[in-house]
Amino acid sequence: MLREQYDVVVIGAGPGGSVAARELAQKGWTVLLLEKRERIGYPVRCGEASTNLSDLESYGPIDEDCIETIINGIYIYGPNGVNIEVPKPGTGIMLNREKFDPMLAHLAENDGVELVTLARVDSVGGIEGKGSGEFRTVRIVEGNGPTEKVSEVRAKMVISAEGVEARIGRSLGIPCLQKPTMTCTGVDIQVEGLLTKPDYLTFWQGHDFINDGYIWSFPKQKSNVTNFGAGFLFGGKHQKNILETTQEWLDKLFPGSKVNKVVGGLVPVSSTLQSYTLDRFALVGDAAHHTNPLTGGGIAAAMRAGRYCANTVHQGLERGELSAAFLKTYEKECYKRFGKTHDFEFKFRKFLLHLNREEQVGLYKVLQGFALSGYKKTAFLKTPIQTAKYLAKFAKFKG
Amino acid sequence: MKKLVHDRGKCLECAGCVGVCPAMALDMYNLDLQIDNAKCTRCGLCTKGCPVGALTLQEVADAT
Chain G
1 MLREQYDVVV IGAGPGGSVA ARELAQKGWT VLLLEKRERI GYPVRCGEAS
51 TNLSDLESYG PIDEDCIETI INGIYIYGPN GVNIEVPKPG TGIMLNREKF
101 DPMLAHLAEN DGVELVTLAR VDSVGGIEGK GSGEFRTVRI VEGNGPTEKV
151 SEVRAKMVIS AEGVEARIGR SLGIPCLQKP TMTCTGVDIQ VEGLLTKPDY
201 LTFWQGHDFI NDGYIWSFPK QKSNVTNFGA GFLFGGKHQK NILETTQEWL
251 DKLFPGSKVN KVVGGLVPVS STLQSYTLDR FALVGDAAHH TNPLTGGGIA
301 AAMRAGRYCA NTVHQGLERG ELSAAFLKTY EKECYKRFGK THDFEFKFRK
351 FLLHLNREEQ VGLYKVLQGF ALSGYKKTAF LKTPIQTAKY LAKFAKFKG
Chain V
400 MKKLVHDRGK CLECAGCVGV CPAMALDMYN LDLQIDNAKC TRCGLCTKGC
450 PVGALTLQEV ADAT
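Respectively, the protein sequence lines represent chains G and V. Residue numbers are given in my numbering: position 108 of the first sequence equals residue 108, and the series is strictly consecutive. Residue numbers are given in my numbering: position 56 of the second sequence equals residue 455, and the series is strictly consecutive.
Pulled out of the complex, with its shape left as it was, chain G reads as follows (with noise of 0.2 Å):
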């Protein structure tokens, strides 16, 4: 039975609005947790690699089955046969997400947070009320068909860490619709056994691959699957169906793969959005436009997210002060964070993506010789020329 009214709403139990509710829920404020789907985390729309286990660990105890490998560094093959290795013991988790979203959102229940799954909402009202007795009033459905119940519950701050799907943000307002050239679309064959290097993950980028994006190996050591997929973005220059795109890579690399499931989902590669807050409102993660422009990845952006929006909502509960303005901090955090970071990566992807197939060559020869020297900014003096070149035209370069 839901109350009328909760401080806080949080629309979506993925790990941005799980992190989100729970630390809010700590605090001592009162969190209702919304999930439209009937299993939290099913089905999986995702890579499934991410951060490293520390950072994990941030966010509270990792049940041991939720990770499957511990990533010890990163293989790229690029274009004419100008591979890069990178090694870096412990830089990444591959997870299990169907174990892993359940568990966050479970951490979450534990500490306080009411979490209803198979509830959608409706709509979130504009601000009603007057001062610090100002809410949002949210339009919940429960349940499915014949048997749904409606229900409206007041919010004093929505929460919406609603995904790619984002429709309570553009119902409000903010530009988060998913545009082409803008996002990518993907999709994962999860294939028996371990098809590379059972520690690392292995990319295939480039002209001789596919330059609007790219190929991935990611190996799921404790279950013996690799979730192998493609990713490019949509209504670009590649206009065959990302699936058989895939599934031809896949028989070409590793032909004979015994196919066990498929998965499918968006990517937003915009980089973060310029505003995403309202008074009372805040978007966290894919809504927010958190994932990484290069590499894809979404799940440590927008647990870091939900914290940081937690943290600056906790404070905004406490004075009263909870309009778009005082929520900017949470804003500028994300920026400072991640967000700065992703701006520049988005840069260079679009960069790099524009350069020809021998310009590009270059630049993964550059990049390798950087990468063989463990990263040392002198390896870059070994081929000054070359690394001026490209330093100058990604100067230059403005998208």
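Among the hints, erroneous ones may be present.
Each pair of labels, with its calculated beta carbon distance range [what the hints assert, rightly or not]:
(1) G/K328 to V/A437: 19 to 27 Å
(2) V/N429 to G/R3: 17 to 25 Å
(3) V/A437 to G/T147: 23 to 31 Å
(4) G/R357 to V/G408: 19 to 27 Å
(5) G/G256 to V/L430: 29 to 37 Å
(6) V/G443 to G/E38: 41 to 49 Å
(7) V/G408 to G/E358: 24 to 32 Å
Subject to a maximum C-alpha distance of 27 Å in a straight line, what follows is the list of computed DSSO-like cross-link-like pairs (lysine-lysine) [as the list claims (entries may be wrong)]:
(8) G/K179 to V/K402
(9) G/K252 to V/K402
(10) V/K409 to G/K179
(11) G/K332 to G/K350
(12) G/K88 to G/K350
(13) G/K389 to G/K377
(14) G/K376 to G/K197
(15) G/K382 to G/K336
(16) G/K261 to V/K447
(17) V/K402 to G/K240
(18) G/K220 to V/K447
(19) V/K409 to G/K252
(20) G/K149 to V/K401
(21) V/K402 to G/K149
(22) G/K258 to V/K409
(23) V/K409 to G/K347
(24) G/K99 to V/K409
(25) V/K438 to G/K347
(26) V/K402 to G/K350
(27) V/K401 to G/K179
(28) G/K179 to V/K447
(29) G/K261 to V/K409
(30) V/K401 to G/K240
(31) V/K409 to G/K240
Hints listed in this document are in silico derivations from the structure and should not be mistaken for laboratory results. We put the beta carbon where it would ideally sit given N, CA and C, even for glycine.
We have chain G already, so just place chain V on it with the hints.
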């Protein structure tokens, strides 16, 4: 007259189509795609955004 047709057999329930629909004509209820034909402008963006080609614009006699 064209109408948006959804192939449930192909659909991965990823909701990508919902994210790219500028008319907000699509929504995913649990694992069930809802199409609001009154809102759909037949722009075809969802047919490109869908990773598996589960959405197509098809010629029909009566598009309501």
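How the hints compare with the structure:
no.: 1; hint: G/K328 to V/A437: 19 to 27 Å; verdict: 38 Å, violated
no.: 2; hint: V/N429 to G/R3: 17 to 25 Å; verdict: 24 Å, holds
no.: 3; hint: V/A437 to G/T147: 23 to 31 Å; verdict: 25 Å, holds
no.: 4; hint: G/R357 to V/G408: 19 to 27 Å; verdict: 39 Å, violated
no.: 5; hint: G/G256 to V/L430: 29 to 37 Å; verdict: 31 Å, holds
no.: 6; hint: V/G443 to G/E38: 41 to 49 Å; verdict: 31 Å, violated
no.: 7; hint: V/G408 to G/E358: 24 to 32 Å; verdict: 44 Å, violated
no.: 8; hint: G/K179 to V/K402; verdict: 22 Å, holds
no.: 9; hint: G/K252 to V/K402; verdict: 36 Å, violated
no.: 10; hint: V/K409 to G/K179; verdict: 23 Å, holds
no.: 11; hint: G/K332 to G/K350; verdict: 24 Å, holds
no.: 12; hint: G/K88 to G/K350; verdict: 26 Å, holds
no.: 13; hint: G/K389 to G/K377; verdict: 16 Å, holds
no.: 14; hint: G/K376 to G/K197; verdict: 25 Å, holds
no.: 15; hint: G/K382 to G/K336; verdict: 33 Å, violated
no.: 16; hint: G/K261 to V/K447; verdict: 22 Å, holds
no.: 17; hint: V/K402 to G/K240; verdict: 22 Å, holds
no.: 18; hint: G/K220 to V/K447; verdict: 30 Å, violated
no.: 19; hint: V/K409 to G/K252; verdict: 23 Å, holds
no.: 20; hint: G/K149 to V/K401; verdict: 34 Å, violated
no.: 21; hint: V/K402 to G/K149; verdict: 31 Å, violated
no.: 22; hint: G/K258 to V/K409; verdict: 19 Å, holds
no.: 23; hint: V/K409 to G/K347; verdict: 35 Å, violated
no.: 24; hint: G/K99 to V/K409; verdict: 25 Å, holds
no.: 25; hint: V/K438 to G/K347; verdict: 35 Å, violated
no.: 26; hint: V/K402 to G/K350; verdict: 35 Å, violated
no.: 27; hint: V/K401 to G/K179; verdict: 23 Å, holds
no.: 28; hint: G/K179 to V/K447; verdict: 11 Å, holds
no.: 29; hint: G/K261 to V/K409; verdict: 12 Å, holds
no.: 30; hint: V/K401 to G/K240; verdict: 22 Å, holds
no.: 31; hint: V/K409 to G/K240; verdict: 16 Å, holds
Comparing the model with each earlier hint shows violations of hints 1, 4, 6, 7, 9, 15, 18, 20, 21, 23, 25, 26; every other hint is respected.
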